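2 protein chains.
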Amino acid sequence: MSCDLPIGVFDSGVGGLTVAKEIMSRLAGERILYFGDTARVPYGSKSKETITEYSRQIVRFLLSQGVKVIVVACNTASALAVDAVRKEFDVPILDVVNPGAQAAAQITKNGSIGVIGTEATIRSGMYSKLLYSINPDLNIYSKACPLFVPLAEEGWIYDSVTKEVARRYLEEFQGKGVDTIVLGCTHYPLLRNLIRDVVREVLGEGITLVDPAVETAKKLKQLLAGQDLFSGKEQVPEHTFYVSDGAEKFRSLANSILPCNVIETKDVTIKTFE
Amino acid sequence: MSCDLPIGVFDSGVGGLTVAKEIMSRLAGERILYFGDTARVPYGSKSKETITEYSRQIVRFLLSQGVKVIVVACNTASALAVDAVRKEFDVPILDVVNPGAQAAAQITKNGSIGVIGTEATIRSGMYSKLLYSINPDLNIYSKACPLFVPLAEEGWIYDSVTKEVARRYLEEFQGKGVDTIVLGCTHYPLLRNLIRDVVREVLGEGITLVDPAVETAKKLKQLLAGQDLFSGKEQVPEHTFYVSDGAEKFRSLANSILPCNVIETKDVTIKTFE
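Protein chains in written order, with my numbering: chain A, 2 to 275; chain B, 2 to 275.
A portion of the hints provided could be inaccurate.
For chains that are exact copies, the list does not tell them apart, and a pair is met inside one copy or across any two.
Dumping the calculated EDC-like pairs for lysine to aspartate or glutamate here, alpha-carbon to alpha-carbon at most 16 Å [said to hold, decoys possible]:
#  : residue 1 : residue 2
1  : K250      : E120
2  : K88       : E54
3  : K222      : E155
4  : K49       : E249
5  : K144      : E155
6  : K130      : D84
7  : K272      : E50
8  : K49       : D268
9  : K272      : E54
10 : K110      : D180
11 : K144      : E120
12 : K250      : E265
Treat the hints as calculated values from the structure; they're not laboratory data. Since we're looking at a predicted model, the values are computed, not measured.
Isolated chain A, as found in the complex (with noise of 0.2 Å):
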């Protein structure tokens, strides 16, 4: 496996972006190859066989770009497909739920945690179930904020609409006695300060928030460094984004999101990577 190989990236669309963000912060020597299936977005309300399809897919075609390791950067993808998905392709894939679910078991003092995101994540399960294999004493109280999502794409980030919609999804925690909330979506991090002075404000001080784009572009730091994978480059790389639709649409998002200038996009055909 060369070193010089880029990093492999995956989303639905533009969330995963957010862990895109992380990884060029905390490794800012290594390339990214992002894949954002913004012709299929969103996977939230689709089936386990059409996830794990897609994300087969996708995994084929990054491999055929050459990549040496895969973050799979949405929440949905990570719960339903990555166990399948690993088995069948012999390179590292990362997900963001159990780097997130593994912070947020150990940050926590009294052992109750929130945990925030779309309907098909908090439907799933997939936080609670891998936080109760973690701790089985674990308190774990999950609330479904499907309005985050179209709030952070209409750019109402620190907005009073925003702050009421956020009043009502936390107040679900009040009396739960949390002290740590995961914000169990790659859009959220988008609100991260508009959630965390609701959350002072509705549950009070001393609330610790959990995101699994950090937790995740750690992870993959210490695996890269436990592998010998690091590129070993100083100076900041050209990354590379690949959509299955509206390449010109993502590249002003991703521009709105990412440090790094994003000056091209390019749309791939990926039901052909069957």
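Once you've looked at the hints, dock chain B against the given chain A.
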């Protein structure tokens, strides 16, 4: 063409059910064969080529089941794909955009029309183009309302947050003198009462809301009459519902929108209809 065949109705998901509902209420003796492309929803963010390919597959599927007419109950597919698809198939195909635009152009007294819709619908300019082609002297003002669909799907149908969002969106029409507003998205009739009240509050009395679902059902009735295609049945028939993914979730949403009891929803592998 047999009068006994059902009416094919398709959408990218559940939104088109508001069109199916209007057809059911105006054409009580007609069977509906509905297809929701839930595996590939939403269409709004996808390219013209992709939407046209998807629409073609769905028309092939509907024809394979036998339908006497097809209603494209999706604004995006109506705008981007219908013209191309209509030429390829020998079945009458109705869209939702033309009836909505024609009604608005007839209803307005002062020639100033507001159009609200998803970001894709507004960006495409589909309603403006059509309205200007009907009457170049009209003044058209458009406003994308991307939060209305997720708010409707969250069930916040008559809610203070939804009202505040609607105020912000509809304030864009202040000072424009619009006397007619087109609900240019198949989800919006679900918020019709709230939109009506906020229009009154923000823009004043005497503004007419045009619902393309209602206008499409009227147009369909004319078409069936003109081509002598009425089923002639008196009793309420059994409708059939197909989706490309997540049949169970669709069924429960369909039951909350439709006046009939949706007992079964079937899965179709739509991409095989290439």
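So, going through the hints one by one against the coordinates:
1. For a Cα distance limit of 16 Å, the shortest separation of K250 from E120 across copies, 12 Å, qualifies, whereas the shortest one inside one copy, 25 Å, does not.
2. Taking CA atoms no more than 16 Å apart as the test, K88 paired with E54 passes inside one copy only; the shortest distance there is 14 Å, against 33 Å between copies.
3. Neither within a single protomer nor between protomers do K222 and E155 lie at most 16 Å apart by alpha-carbon distance, with minima of 33 Å and 38 Å respectively.
4. For the identical chains of this complex, K49 and E249 are inter-copy neighbours only, at 14 Å across copies versus 29 Å inside a copy, given an alpha-carbon limit of 16 Å.
5. Taking CA atoms no more than 16 Å apart as the test, K144 paired with E155 passes between copies only; the shortest distance there is 13 Å, against 22 Å inside one copy.
6. Only within a single protomer do K130 and D84 lie at most 16 Å apart by alpha-carbon distance; the minimum there is 14 Å, versus 49 Å between protomers.
7. Taking identical chains as interchangeable, the C-alpha atoms of K272 and E50 lie at most 16 Å apart whether they share a chain (15 Å) or sit on different chains (15 Å).
8. For the identical chains of this complex, K49 and D268 are inter-copy neighbours only, at 14 Å across copies versus 25 Å inside a copy, given an alpha-carbon limit of 16 Å.
9. Taking the shortest alpha-carbon separations for K272 and E54, both the intra-copy value of 10 Å and the inter-copy value of 13 Å come in at or below 16 Å.
10. In this assembly of identical chains, K110 and D180 lie within 16 Å of each other by CA distance solely inside one copy; the values are 7 Å within and 60 Å between copies.
11. In the homo-oligomer, the alpha carbons of K144 and E120 lie at most 16 Å apart inside one protomer (8 Å), although the nearest pairing across protomers, at 28 Å, exceeds that limit.
12. Taking the closest pair of Cα atoms, K250 and E265 come within 16 Å of each other only inside a single copy of the chain (11 Å); across copies the shortest separation is 38 Å, beyond that limit.
Going down the numbered hints, you'll see the structure goes against just number 3.
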